[in-house]
Amino acid sequence: MPNLSFNVDHASPEDENIGEPTVPGQPHEALLLVLPYLSLSGLIAVGEVCTSLRDALRDDVLPWLELIVDDPLSRRMCDEILIEITSKANGKLRTLGLFNCMKITDGGLQTVIERNPLINKLYVPGCTGLTPEGVINAVKTLSAHGNILQSIKINGIYNLQKQHLQVLQSYVQENPKTLEHKCSTHFGLEGDCNICPLDVEICPKCNEVRKVFICPIETCVRKRDRRLSECRGCSSCIPRCIQCGACVEPDDLEEAEAICADILCMRCWLQLPKCDFCNKPYCKQHAEGQLNPSGSRGFVCELCAVYEEDDIDV
Amino acid sequence: MSSSPPPSSAAASPSCPKKMIALRSSDGETFEIEEAAALQSKTLENMIDEDCAGTPIPLPNVTGKILAKVVEFCSKHAEPGVDDESLRAWDAEFVNVEQATVFDYILAANFLEIPTLLNLTCNVVADMIRGKTPDEIRKFFNIKSIFSPEEEEEVRRENHWAFE
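Chains P and C supply the protein sequences, listed in that same order. Per my numbering, residue 1 is the first one in the first sequence, and the count goes up by one each step. Per my numbering, residue 1 is the first one in the second sequence, and the count goes up by one each step.
Calculated directly from the structure, the hints in this document are not laboratory data. Heads up, a few of these hints could be off.
[To be verified] Simulated crosslink set (DSS-like; lysine-lysine; CA at most 25 Å straight-line):
#1 K88(P) / K132(C)
#2 K103(P) / K211(P)
#3 K205(P) / K223(P)
#4 K103(P) / K121(P)
#5 K132(C) / K284(P)
#6 K162(P) / K140(P)
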């Protein structure tokens, strides 16, 4: 692969290969196709890279149709900025994804909704500045002109009650696409489902509005021991392994703990490397960067490493 | 030129032989692909409907090297009875290639309108971009920034809210 010289502004005839950037120093064509897959923080960074990417974002509506606002922009997103950013979709916004954007208010949400009647995925989990009534208003507005919502996320909004859920469910379930869907999203596994009509339900055990999970194992421990037909409940009612989603009996909780304080089932616990001192593992997610880079037999976790240092000093 | 063997592992029943579609790359190589696999491409699906007695479909935008891999991808994804986890692992290996190749896959998936391949490859590159500063993105993709000082100032002003 020839090294791209930053002094050359124009391509020479030999550079015109199919699949290679025709102008060295310019972004590859394929990058333009990637833009719609970026969250807002990615789009902002890319817009500062060079003039052609900046122009691509300015002139094209496609990258702005599925807006995802997450870390680190969540806490900085406010009504005014949201209205400005969503205007880049020219009224054609399809996904409004606001994750933990606590500054957004009912008024801001409603303004965006009114200007973008085609939204069919409304994600506002953790947007604690919103009220259940505000979300219901937004959903009512969207559904008023024949638009059928596909998916809503509201986990983390304060004061959610059963009756709010019932209203929201009535607006989403009419979509024939979602009726067929059988969700396999389990606790801890990556990827929140974007097809499930609503991310929360009434937990059959505590009766609160929560994310409710099913057990990935056909005959899990709980079903077996308690002769239940289903293992279903929120994470407060049924503790689950962070890696596979299997239920963990309260008696086993102490033994199957990870350094990062996440819960592991015995099977996953056994497969993970353990700290030499406390014999606890990291879960896969928190293991990155913590394990011994030289890959030698064991490692010392960050908690035990503190004690180890103290011992040596003494 | 050379023709690769049919990629299918499933046996064809005698009364219903699997229909093979011939494709020709920009550099003249011919490839055969099962119809079921070819239908993953909306472009090919449209062309197959107007089929002219099995002449190879010319694909002037795709080289032989890339077309071979695209055929492999479509064939794998048309295979019956592959569980989700295995397919995900296979996909991860498929895109475990150098940057230039992933870009070629993206362009081919776009031209041939193969949503599964386009999503897979674009998400790979999106992951490369995630978390990087503009400067890091420039270095990673070998991009030269030619902003004038005024333009740079304007862009910073527009995005100031994201950095306070």
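Hints, one by one, checked against the model:
For the hint linking K88(P) to K132(C), the alpha-carbon distance of about 23 Å falls within 25 Å, and the restraint holds. A C-alpha spacing of about 23 Å is found between K103(P) and K211(P), which places the hinted pair at or below 25 Å, so the restraint holds. Proposed proximity of K205(P) and K223(P) is supported: the alpha carbons are some 15 Å apart, at most 25 Å. For the given pair, K103(P) sits about 20 Å from K121(P) by alpha-carbon distance, which is consistent with the 25 Å threshold.
Distance hint between K132(C) and K284(P) is fulfilled; the C-alpha atoms sit about 23 Å from each other, no more than 25 Å. With a C-alpha separation of about 17 Å, the suggested pair K162(P) and K140(P) falls inside the 25 Å cut-off, and the hint holds.
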